[in-house]
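Novice: If you want the building blocks of each chain, they are given just below.
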Amino acid sequence: MPRITVRGLSVDQVCQMSESLVEQLAAICDCETDNFTLECNTHPSIFAGKIVPAYPFIEVAWFERGPAIRDQVAKAITDHVLALGIPEVEVAFTFYAENGYYINGISCG
Amino acid sequence: MPRITVRGLSVDQVCQMSESLVEQLAAICDCETDNFTLECNTHPSIFAGKIVPAYPFIEVAWFERGPAIRDQVAKAITDHVLALGIPEVEVAFTFYAENGYYINGISCG
Amino acid sequence: MPRITVRGLSVDQVCQMSESLVEQLAAICDCETDNFTLECNTHPSIFAGKIVPAYPFIEVAWFERGPAIRDQVAKAITDHVLALGIPEVEVAFTFYAENGYYINGISCG
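Protein chains in written order, with my numbering: chain A, 1 to 109; chain B, 1 to 109; chain C, 1 to 109.
A portion of the hints provided could be inaccurate.
[As the list claims (entries may be wrong)] Mimicking EDC-like on lysine to aspartate or glutamate, the simulated pairs with C-alpha atoms at most 16 Å apart in a straight line are:
| id | chain 1 | residue 1 | chain 2 | residue 2 |
| --- | --- | --- | --- | --- |
| 1 | C | 75 | C | 88 |
| 2 | B | 75 | B | 98 |
| 3 | C | 50 | A | 19 |
| 4 | B | 75 | B | 88 |
| 5 | B | 50 | C | 34 |
| 6 | A | 75 | B | 34 |
| 7 | A | 50 | B | 88 |
| 8 | A | 75 | A | 59 |
| 9 | A | 50 | A | 34 |
| 10 | B | 50 | C | 19 |
| 11 | C | 50 | A | 34 |
| 12 | A | 50 | B | 19 |
| 13 | B | 75 | B | 23 |
| 14 | C | 75 | C | 23 |
| 15 | C | 50 | A | 23 |
| 16 | C | 75 | C | 59 |
| 17 | C | 50 | A | 30 |
| 18 | B | 50 | C | 23 |
| 19 | A | 50 | B | 59 |
| 20 | B | 50 | C | 12 |
| 21 | A | 75 | A | 23 |
If you are wondering where the hints come from, they were derived from the structure by calculation, not from laboratory data.
Isolated chain A (complex conformation) (with noise of 0.2 Å):
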């Protein structure tokens, strides 16, 4: 955690862009590298009918850190994809509650 969830790159794309995009994640939420997952969604994506290229959507999941954070992490994630040559992208942040998350059993909340 932070937990990220990339739709719509190629795992090639998302290797690209992973060691720079999680150290400069790492240097604005003051944290290790290693806190941070990126997972490639590769699921069809579909419309009208038939499979299609998913468009370019990256959720964040992680404890609220405020939106000055947020608004860093958002840019910083929208840079790097676009710097991939790709147009357009979303990225939706989403929140859990620390008395819901548990690291080893042990409840953060």
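Given chain A, work out where chains B and C should sit, using these hints.
Specialist: Below, chains B and C without anything else, positioned relative to chain A:
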């Protein structure tokens, strides 16, 4: 967005209902059909020690639009799934906060 | 529902723990075992430019049942994962609103 994730249906079944469903949802939500993304979750489902068919379940992640629209969207999805000959389906809605949703780096909130 | 999504374990490992885990969860939640769905997320995990094993992480999406039940469910899941010889696991709970959950088109709220 809205982002619709389908579980327990085959890719062919999702393709089959996709065009009519998305047209109906666009009419209910008063937006363009290309706002909707349909993702077909193909991860293995496990019960009692082995892989089994997944239970039909559809999740809609979007901005809150109130109960009247939500009821109509749930009905449209349910009707389309039942029309495939599937006897049961569950539909769940989750909500993005507008200030936690960024399009090309710009917050919607 | 409850919907349990497992990440960072192999399909074989999820199969191995599934029967005992679901029996224990059904006892804790006082419901039938067939209410539980176990999904094994097999999407690639990426770190530092390459595909790596995913960190063991389990998400439970359900209706809120309060902290006592939640603690017991977290413990049951954690115990089962650790018993596979996996040294660490995180368990996160997310909540559906009852009025945003529809069974065959009928809202639960």
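Novice: Compare the structure with each hint and give your call.
Specialist: Each hint tested on the structure:
no., hint, result
1, C:75 <-> C:88, "13 Å, holds"
2, B:75 <-> B:98, "25 Å, violated"
3, C:50 <-> A:19, "9 Å, holds"
4, B:75 <-> B:88, "13 Å, holds"
5, B:50 <-> C:34, "14 Å, holds"
6, A:75 <-> B:34, "25 Å, violated"
7, A:50 <-> B:88, "24 Å, violated"
8, A:75 <-> A:59, "13 Å, holds"
9, A:50 <-> A:34, "38 Å, violated"
10, B:50 <-> C:19, "9 Å, holds"
11, C:50 <-> A:34, "14 Å, holds"
12, A:50 <-> B:19, "9 Å, holds"
13, B:75 <-> B:23, "14 Å, holds"
14, C:75 <-> C:23, "14 Å, holds"
15, C:50 <-> A:23, "15 Å, holds"
16, C:75 <-> C:59, "13 Å, holds"
17, C:50 <-> A:30, "23 Å, violated"
18, B:50 <-> C:23, "15 Å, holds"
19, A:50 <-> B:59, "20 Å, violated"
20, B:50 <-> C:12, "8 Å, holds"
21, A:75 <-> A:23, "14 Å, holds"
When each numbered hint is compared with the structure, violations occur for hints 2, 6, 7, 9, 17 and 19.
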